[in-house]
Every structure is written in structure tokens, then in C-alpha cells.
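Novice: Following the hints, complete the assembly by docking chain U with the ligand onto the known chain R.
What follows is the residue order along each chain.
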Amino acid sequence: MVPPATFASYYGRPIVKTAPWERDIPAYLFLGGMAAGSSLLAAGADLRNLPELRRVARIGAFVGGAAGTAALIHDLGRPMRFLNMLRTAKPTSPMSVGTWVLAAYGPLASAAATAEIAAMMPRRLPIAGRVLALSARPAGVLAAALAPALAAYTGVLLSDTATPAWHAARRELPFVFAGSAAASAGGLAMVGTCLEQAAPARRMAVGGAVVALVMEARMERSMGLSAETLHAGTAKRLMNASRALTAGGAIGAAVFGVRNRRAAQVSGVALLAGSVCARFAIFEAGQQSARDPRYTVVPQRDRLQRAANA
Amino acid sequence: MSRWTRTADPAADAGWKNAPPRKGFFTDSSICIGCKACEVACKEWNGIPEDGLEMLGMSYDNTGSLGASTWRHVAFIEQPRRAVAASGLTPLPVVAARPGENRSFDGAETGIRWLMSSDVCKHCTNAACLDVCPTGSLMRTEFGTVVVQDDICNGCGYCIPACPFGVIDRRQGPPGTRNVGIAQKCTLCYDRLGDGMTPACAQACPTQSIQYGDLDELRVRAQHRVDALHAAGVADAQLYGADPNDGIGGAGAFFLLLDEPEVYGLPPDPVVTTRDLPAMWRTAAIAGATLLAGAAVAFVRARS
Ligand code: SF4
Chain R
1 MVPPATFASY
11 YGRPIVKTAP
21 WERDIPAYLF
31 LGGMAAGSSL
41 LAAGADLRNL
51 PELRRVARIG
61 AFVGGAAGTA
71 ALIHDLGRPM
81 RFLNMLRTAK
91 PTSPMSVGTW
101 VLAAYGPLAS
111 AAATAEIAAM
121 MPRRLPIAGR
131 VLALSARPAG
141 VLAAALAPAL
151 AAYTGVLLSD
161 TATPAWHAAR
171 RELPFVFAGS
181 AAASAGGLAM
191 VGTCLEQAAP
201 ARRMAVGGAV
211 VALVMEARME
221 RSMGLSAETL
231 HAGTAKRLMN
241 ASRALTAGGA
251 IGAAVFGVRN
261 RRAAQVSGVA
271 LLAGSVCARF
281 AIFEAGQQSA
291 RDPRYTVVPQ
301 RDRLQRAANA
Chain U
311 MSRWTRTADP
321 AADAGWKNAP
331 PRKGFFTDSS
341 ICIGCKACEV
351 ACKEWNGIPE
361 DGLEMLGMSY
371 DNTGSLGAST
381 WRHVAFIEQP
391 RRAVAASGLT
401 PLPVVAARPG
411 ENRSFDGAET
421 GIRWLMSSDV
431 CKHCTNAACL
441 DVCPTGSLMR
451 TEFGTVVVQD
461 DICNGCGYCI
471 PACPFGVIDR
481 RQGPPGTRNV
491 GIAQKCTLCY
501 DRLGDGMTPA
511 CAQACPTQSI
521 QYGDLDELRV
531 RAQHRVDALH
541 AAGVADAQLY
551 GADPNDGIGG
561 AGAFFLLLDE
571 PEVYGLPPDP
581 VVTTRDLPAM
591 WRTAAIAGAT
601 LLAGAAVAFV
611 RARS
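If you read the protein sequences in the order shown, they are chains R and U. For the first sequence, the working numbering assigns the number 1 to the initial residue and increments by one for each residue that follows. For the second sequence, the working numbering assigns the number 311 to the initial residue and increments by one for each residue that follows.
Chain R on its own, in the form it takes in the complex:
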């Protein structure tokens, strides 16, 4: 279908408003995803007795979750009122759902990471150390149980808006984000874990990268007109960088990362960077699609036309 060359607007001014969000939000999308993937890796490593992988993943999950939460609070217009998020629970609000998931996830991931850090201390804590060590596994497994929700809900968070590119991406975005989460968590673990224990992280990284790349390509085909916003300007540069870094990192992990620690670390960093770029690309594409009334008017006109023809 060739979209009409001209469309009417009010002096070319935007119709919908852009989200008032700054870099905090795409950064959170990345950090929360990395935390979620890391919690899954940590629980698996714990159950399979891979202590080095477990330690890196638990600490990664904690840092990602804490930094992501800080970014979310920083982005509020009234940060001191962040606890108002917990005065109600609304399934019609992906932000409410996500806040509750994060509120449950955060303490669990923190407990598991604190146990790791306590165990690394030169002096053992007598009672607290025992409690931490005993609670680490249940806390870590529960955090992993919440992790898939944490990784995927952010796709709904963006899609459940009138921002043309985000709403048009709703069928694929949760998959892109879940895949990106797995790739980044696998990448992080590859950076910090010895080769012998990093095999699950490599597999998770490669699998996540494949899902993210395939679903992103599919997303661009199903978005319609607003896919244009991923093919121009900053969003285009970021998405191209993300594709190259994610594909390169996955190939590096699968081919060289099995035997060469340095190669594994470079691949891991590439996967992390690829995930960051994907989040910022999709964020920026959405904002651009809201700034230009074309992406609001033309698809809606098409829809009316189709309804009239039917």
C-alpha cells in the first residue's frame, strides 16, 4: 500500500503528545531487562551448582534492579511521591503492574545478592551470615519466577499508548524486549564468569540475541507506516548499531567465546551495548512518531477508508 502523499493537519503541529520521559526510561528498559535475565541465570546456576556464574548473575540482577528503580523514580515529576504508586493496583495500567512486580522483585534480588556479597567478605558475619546464606536460594528462585514478567511487561508499557510507533509494535515488542533482556544478561555473565561455568550464559545470550533480532525484523514489517521512524535519524543509527552489536556479539559468543576468555568478554560487552542501543532506538522512534502528525493521521484515515469500503 502506498500511503497518500499529502494529508491535512493543523499547521503541521503534532496531534498526540510525546511522553515527557528523558533518558531515564530507555535506561530503565535496559537495566530492568538485564536484571530479569540475570535473575534467571542466577537461579539456574544456583540449582546447577555453578557458584561463579551465580555470584556474577546475582550481583548483576541487584545492580540492574536498583539502578533501574532509581532511574524510574528520578524520572517522576514529583519524585518524593513515588510511594503513591503503591496506593492502588490497576491491571489497566501497565505501569501499575510493573511497579508491583518491581516492588516484589527488588527485595528478593537484593537478598540473594547480599548473601553473595556477605560470603565474599573476609570476616564471616556469625548469625546474619547464616540467615542470608539460607534465604539466598528461595529469594533467588522467587526473583527468577518474577523475572519473565519484569522482562516482558515493558513492551506493554510502551505499546499501551497513543504513540503511533509504540502502539503499532504491540504484537512483537514484548518479544523484542524479552530477547534483548536475555542477550544482555548473558553478555554480562560472559564478561564476569570463567569459561567453564559460562556455558548457560552463552546459550542464553545467543538465544536471546536471535529472538531479539528476528522479532525486531518482524516488528518493522507489521508496524505499517510508523516503521519509517526506525529508518531515519537517530533511531535508525541506534537500531543499525544494535543489530550489528547484537549479531556480532552472538556470533562471537558462539564461535570464539567457548575457548577464549577475552573473546567471550568482548562479545559480552557487544551484547550489552546492543541491548542498550535497541532500547534507545525504539524509544526514540516512538517519540519521533508522536512529533509528526503524519503517523497519527494517515493510518487512522486508512482505517476509516477500509471501514467505509467494507
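Don't take every hint at face value.
Far from chain U by the CB rule (all over 12 Å, computed), these chain R residues [said to hold, decoys possible]: (1) 104; (2) 121; (3) 130; (4) 192; (5) 234.
One-sided excerpt, in silico: chain R residues whose CB lies under 10 Å from chain U [claimed, not checked]: (6) 14; (7) 150; (8) 202; (9) 221; (10) 225; (11) 287.
Everything labelled a hint here was simulated from the structure, so no lab data went into it. Glycine is no exception: its CB is placed at the ideal position from the N, C-alpha and C atoms.
Specialist: Using the frame of chain R, we list chain U with the ligand on its own:
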């Protein structure tokens, strides 16, 4: 709280018992004279801070769009009468003082036709802003309108990209201004309604372009008006937001327009984004399950 089930009576759906009839605005742009009395009255009554006094250099519009500190916005559209006549639209309102004044020597249309319309929050039956608000600050009043509770909003900003009309926004400004960092929009003068008064904009409108009342009654009145305009030959007069079966379940504040909605900066076919939310949650559930399964598979062959 709003649910996914679509409703005809939003106040009752929100749990109000013995709610009064739903209130709304009918803005008839065919008699708007662009005086901006509504903008001024709204600012005065609601104590809204100044948000820029410069002209935008495109028309007599100096507010540009609705926003956190502009709750009524008068749009000014100048269209060459020649193009209007060629497209089959009625060249109304007529700017010419005498018949024939707007014709060149060869009889072609010259001059402009001038459209003016006062935009406002639509107080949607199915309001996206209210659906996505995570704190419950946005609420449905007993009058069926949608209002921000200033003391609860924490400025998360989610309502802003959710609104299909680009109405609501977060107030910026020097610290010390009222409600900085909080989402703000038209309240349909909730504080006046409670006392049986008319909203400030409708009260101030000198031509009754802005009419306030029971929504059922306004819809009937609007249909009569559009029929009368059609009978008078203004074929392009159309109601916008009056249909309870549209993508937002009908607007509480609806309009009579003389051209397509997008000409006025309105979306031609707005849909409440949460209509697709159940499907989006299903997609996310499958994506999450895939991630969990993938993680399990990654550990299948792993052992210490
Ligand atoms: S027009 Fe926008 S701000 Fe007003 S009720 Fe509808 S969604 Fe909310």
C-alpha cells in the same frame, strides 16, 4: 477504576450511586468568533499560570495546542476560498462584507475562509489517561467527567502519551508555580459543577459556541444543529466525538466541525489504547514464558 468492559454510563461504572446525569460540552465551531474569552475565563477561574504570550507566527493562534496550562485552545484555520470552493466544501464563514467582494475579475474565488474552534479535553467515555494512571490520581467524577487529583499525582507522565488527543500534559515551570511536575488538564470546572454552576468557558462564551449541559440533551441539540446546517447548504458540517460507538465510546465534550478533524488538529479516528490491552498482556505472557523456557533450556546440559 476503569475496566476493560466498555460502558455507556461511566459514572455508574466507576461506582457512583445515584449519579446525576452525565455532563458535557457541545462546542459548535460554526458560530465561534475566535474571541478567546473561553481561554481567558478558564485561566482566571482555574488559577492557571501564564505559559507564553508570543504569537506563533502562523495565525491568530497564540497558544498552539492544549497543554498543562492551556485547557481551552482556540484554533484558527485560514483556507484560501479558491481551494475550498474547488474541493466542494462550503466557503463558510464568509469573510466578505458584500456579495461579490471575494471574487477576482474573472469571477474566481479569492480571499480566505476562516475556521475557528475552541478545543478542550474530550472527557472520554473510555479514557486512556484514566486507564493507565498508576496512582489512581485520575478519576471519574459523579458527572462522568475525568479529573486529576493534584495531591495524588506523582508526575509519572504515563497519561500524556496515552491520550489519543494530546490533551493532558505535565506542568513545567519555575519552582514555586502551582502544581509543577504534575499532570494537568480541563476539569470541566468540577468545583463549579458541584455548586450547580456552568463551567467558566461556557459561561464566558458570547455566542454560545460552547454549550454546557446534560450530555443526552446536548447530543440531540447538536444533531438538530447539524441537520439545519445541512439543510442550509453547509454540506461539510459534521459532528465529532458525538457517536457512542466510536473508538473512545463517545466524548463527553464533542464538537461540530466544518472540515475534517485533522484540519483542526484532531485525530480522525481516535481509539482508546487500552482497547488492545488484553491482547497485549497475552503477548507479554507468551514472551515471558518463552524467556523462562529458554533459560531452562540453557541449563539443560550444564553441570558443575
Ligand atoms: S481527551 Fe485525553 S485527557 Fe481528556 S479524558 Fe480523553 S484521554 Fe483523558
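Novice: Which earlier hints can't be squared with this structure?
Specialist: Numbers 9, 10 - these are the hints that the structure violates, sorted from lowest upward.
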